[in-house]
Amino acid sequence: MKRVVRLWVNGQEATVQIEPTKTLLDVLREDLFLTGTKRGCDSGECGACTVLLNGQAVHSCLVLAAELDGQEVVTIEGLSRDPTELHPLQKTFIEKGAVQCGFCTPGLIMTAKALLDGNPDPTEEEVRYGISGNLCRCTGYSKIVDAILAAGEEMRRNKP
Amino acid sequence: MTVTVEKYSTVGKSIHRIDALEKVTGRATYGDDMRFPDLLHGKVLRSPHAHAKITRIDLSEARDLPGVKAVVVGKDAPFRGGEAIRDQPFLAVDKVRYVGEAVAAVAAETEEIAERAIELIKVEYELLPAVFDAVEAIQSGAPLIHEELHTYPHMPIVKPVPNTNICAKFEFIQGDVEKGFRQADYVFEETFTFPSGHHCQIEPFMAIAQADINGRITIWVPNDAPHRLRKDLADAIGVPFERLRVITPPYMGGGFGGKGGLKVEMICIALAMHTDYRPVKILLTREETFTSSLMKHNAVVTVKTGVKKDGTILASQSKLIYNTGAYAEKGPTVTLHGCESGVGPYKVPNVRVEGYTVYTNRPIAGALRGYGLPQSSFAHESLIDMIAAKLGMDPLELRLKNALEEGSINPTRGDILSSVGLKECLLKAAKEIEWDKPRPPNRGVGIACEYKATKTPSGSAAFVKVEQDGSVGVITSAVEVGQGIKTILAQITSEELGVPVERITVTSPDTDYTPFDASTTASRATFHMGNAVRFAARDAREQIFELASTVLGVSPNDLEAANGEVRIKGGAKKMTIAEVIKSKYKAGLTILGRGSYYPEIQGTMFSARSIFYMYGVQAVELEVDPETGKIKMIKVVAAHDVGKAINPMACEGQIEGGVVMGIGTATFEEVKFDEKGTMLNPNFRDYRIPTASDAPEVIPIIVEATHDEGPFGAKGIGEMTLVCTPTAIANAVYNATRIRLKELPVTQERLFNLLKERKT
Numbered sequence: 001m002k003r004v005v006r007l008w009v010n011g012q013e014a015t016v017q018i019e020p021t022k023t024l025l026d027v028l029r030e031d032l033f034l035t036g037t038k039r040g041c042d043s044g045e046c047g048a049c050t051v052l053l054n055g056q057a058v059h060s061c062l063v064l065a066a067e068l069d070g071q072e073v074v075t076i077e078g079l080s081r082d083p084t085e086l087h088p089l090q091k092t093f094i095e096k097g098a099v100q101c102g103f104c105t106p107g108l109i110m111t112a113k114a115l116l117d118g119n120p121d122p123t124e125e126e127v128r129y130g131i132s133g134n135l136c137r138c139t140g141y142s143k144i145v146d147a148i149l150a151a152g153e154e155m156r157r158n159k160p
Numbered sequence: 001m002t003v004t005v006e007k008y009s010t011v012g013k014s015i016h017r018i019d020a021l022e023k024v025t026g027r028a029t030y031g032d033d034m035r036f037p038d039l040l041h042g043k044v045l046r047s048p049h050a051h052a053k054i055t056r057i058d059l060s061e062a063r064d065l066p067g068v069k070a071v072v073v074g075k076d077a078p079f080r081g082g083e084a085i086r087d088q089p090f091l092a093v094d095k096v097r098y099v100g101e102a103v104a105a106v107a108a109e110t111e112e113i114a115e116r117a118i119e120l121i122k123v124e125y126e127l128l129p130a131v132f133d134a135v136e137a138i139q140s141g142a143p144l145i146h147e148e149l150h151t152y153p154h155m156p157i158v159k160p161v162p163n164t165n166i167c168a169k170f171e172f173i174q175g176d177v178e179k180g181f182r183q184a185d186y187v188f189e190e191t192f193t194f195p196s197g198h199h200c201q202i203e204p205f206m207a208i209a210q211a212d213i214n215g216r217i218t219i220w221v222p223n224d225a226p227h228r229l230r231k232d233l234a235d236a237i238g239v240p241f242e243r244l245r246v247i248t249p250p251y252m253g254g255g256f257g258g259k260g261g262l263k264v265e266m267i268c269i270a271l272a273m274h275t276d277y278r279p280v281k282i283l284l285t286r287e288e289t290f291t292s293s294l295m296k297h298n299a300v301v302t303v304k305t306g307v308k309k310d311g312t313i314l315a316s317q318s319k320l321i322y323n324t325g326a327y328a329e330k331g332p333t334v335t336l337h338g339c340e341s342g343v344g345p346y347k348v349p350n351v352r353v354e355g356y357t358v359y360t361n362r363p364i365a366g367a368l369r370g371y372g373l374p375q376s377s378f379a380h381e382s383l384i385d386m387i388a389a390k391l392g393m394d395p396l397e398l399r400l401k402n403a404l405e406e407g408s409i410n411p412t413r414g415d416i417l418s419s420v421g422l423k424e425c426l427l428k429a430a431k432e433i434e435w436d437k438p439r440p441p442n443r444g445v446g447i448a449c450e451y452k453a454t455k456t457p458s459g460s461a462a463f464v465k466v467e468q469d470g471s472v473g474v475i476t477s478a479v480e481v482g483q484g485i486k487t488i489l490a491q492i493t494s495e496e497l498g499v500p501v502e503r504i505t506v507t508s509p510d511t512d513y514t515p516f517d518a519s520t521t522a523s524r525a526t527f528h529m530g531n532a533v534r535f536a537a538r539d540a541r542e543q544i545f546e547l548a549s550t551v552l553g554v555s556p557n558d559l560e561a562a563n564g565e566v567r568i569k570g571g572a573k574k575m576t577i578a579e580v581i582k583s584k585y586k587a588g589l590t591i592l593g594r595g596s597y598y599p600e601i602q603g604t605m606f607s608a609r610s611i612f613y614m615y616g617v618q619a620v621e622l623e624v625d626p627e628t629g630k631i632k633m634i635k636v637v638a639a640h641d642v643g644k645a646i647n648p649m650a651c652e653g654q655i656e657g658g659v660v661m662g663i664g665t666a667t668f669e670e671v672k673f674d675e676k677g678t679m680l681n682p683n684f685r686d687y688r689i690p691t692a693s694d695a696p697e698v699i700p701i702i703v704e705a706t707h708d709e710g711p712f713g714a715k716g717i718g719e720m721t722l723v724c725t726p727t728a729i730a731n732a733v734y735n736a737t738r739i740r741l742k743e744l745p746v747t748q749e750r751l752f753n754l755l756k757e758r759k760t
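Here the protein sequences line up with chains A and B, keeping their order.
Under the working numbering, the residue at position 148 of the first sequence is numbered 148, and the numbers go up by one with no gaps.
Under the working numbering, the residue at position 139 of the second sequence is numbered 139, and the numbers go up by one with no gaps.
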């Protein structure tokens, strides 16, 4: 039995008819074609599907979409639509060489965004701990940590 | 070391990756992101038994389920595939050989229907005795896993032993090892065991296949070698190349050697042959990715080394037994490369290495970053430290005394080596880790070094097309697996053509359009494809100079290209490349540059001495908690001779990633099985890989012993980066605790028990 669910995704209203068993990840990828959010394990262990739900980083593969009526979701596509106006995290991920295969990158950037939104001036330890739910097999994390610290610095600088 | 004056405009610079913008904005397309309007979804029924005869399969209920389009079993696609040995059926025929092997597959309108149909398939089995341990599997009387081994086609260099479980056997002999042992003052012999592990690419395995009315099959798959895949499929199915098309999605979510060859490809094609030309997708679950794609070889390696009192190595013998699981996959050549580096990067006059690739009823093992070297290296690099301890020598000094250098003879193959940056790597790594610094109790340092071949001979071809507005397209089958090859090839093209990187695009492979490339493996892409692209760009440049010389009234030799312009050397006269093309082709044309590279080395693939060797040294500092066995990684220094770093930041990224993978390999990663052969930890909760909290400070050091034949002197890097890490850790654990590890991973529990044993 399908249900009608109205979500706010990346600032826009999205109404979908879905089976109650569908996860937020399914809806983002299959119904809304927002494929920037990645499916890595479907069990909340790899972090590739991380999005912001009402400002909090969540594993979208563990959230049932039918329960999200009226709630607000931000995906990687929502961080910036214009290549000249990238989010500081997107900029520093490029500059610091934090991207390799890129499959974990959207989830990591969303986790890092939630982290910096809650703790604008984290220590390296806090960054490492904060992203330890996001697995990356390519980079060894050094350049990702550098990118997040640099983005934090830029965000603090830009804040009055 | 060659000191190079920085004479390049783009090469050698850490420019931003050309694919980074797409990736940080979520716009990069991976296999599972592609959309097909009439797509069917495939699911696979897998064997619950490690070794069993299939006595009956009942598909009737599955076929009757509404929404099911096709149900296939082995006899519906009666083909066998495999690069080294053609031993693997597309789906099991008559018997299954490991838990997780594909027995039947369903294509249906939705994933849910396909899953339900799978549950409706009834299979009856008759259990057969199974063998899981490679050493047991080569004993006489062990259950035979491939009765028809003698009938399988195979690579020339692979020599299966019929009526045994030995699917390949290799031997390297130089000098007289027995004589060497007789002349030695001391002879050491030890056996080491290396665990099987998993690649854990964050992107699960997937493929989409579609047959068409012309009898052609197209497959979209993140495979690291689309041309090899096409050949493997053509050989298996018995069709010429034009009946197959392999398209690699723009991006692959990590490979590490695992995403080559035939895996989900075979099942997907078996289904596509029965879906009335509709495309079908198979996306493996994380559990299936663990159990039914590929693992790393578990290996048992025995090394025997004879030395003089002063530490000079006189003879070294090594026996490698690699557990390749139910099918050969790349196991034979993984073993071969393990053998090639089987006595380490040392001047050893008397050598004997023998390697065995052994079938067992484990899941299939194949290529994983390092290609057999982490296993063999753990043995001889641990033994070197044991020898140093016995002789009272510093392990670094013992290595420096015997290390390969420019002009040394390769101990296993006997070829003369050039472009050898090993000693520089040893000295720089030792300096950076402060090797001689006194350390507090429970702290230790360890070092390990290695050299690695690339598969040789192998070829690459490319086109570089220059369009009428001066923009450039690089047409190549190199696969962007995350290493940055698109950026590297753009930099090489930019350098050769004098066109800014921003005006260069690099294709993803499509065997209909992009020319041959052996594979994006073996750390060969920068060297081989880099050469092919460089030659293609040079060919295009020469054609452009020819045109420009007419207009500018000078010889082509007096021209140079930079910033999208052709100009007279030392003069002011110049014109844009677009103007040059328009000067002759007023109605428009493409300037097409051709390039290919194939080393001037005779022999079939993998049979010859390597066209280049990579050298690497890693040094580790760590601390062991004597009460709990917990290891705290303090620092890893990784010095790697890459020939020439086309993009230093990309090289650093490879090194940092390989080191952290190596830390996982050394300290906690291991796939585990129950007594019936079922994998116990096929998920990221039970098979943990390193997180950001596990990763220590990693200091990459790039050493550049340029290679005469490499593009701008470049060699390779990717694979070497994790080869030394596990052993450097094991040696550091010894340094901290005086406990010699002969088996990895050194989990906290294992080290705790070893520390406890030592106390009692």
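Treat the hints as calculated values from the structure; they're not laboratory data.
You may find that some hints are simply not true.
Claimed, not checked - Computed spacing ranges between beta-carbons, pair by pair:
1. A:125 with B:392: 39 to 49 Å
2. A:33 with B:153: 37 to 47 Å
3. A:70 with B:67: 44 to 54 Å
4. A:33 with B:592: 32 to 42 Å
5. A:121 with B:437: 56 to 66 Å
6. B:758 with A:33: 58 to 68 Å
7. A:54 with B:55: 49 to 59 Å
Remember, predicted model here, so these are calculated numbers, not experimental data.
C-beta atoms are modelled at their ideal positions from N, C-alpha and C, and glycine is treated no differently.
Compare the structure with the hints numbered earlier in the document and write down the numbers of the violated ones, lowest to highest.
3 and 5
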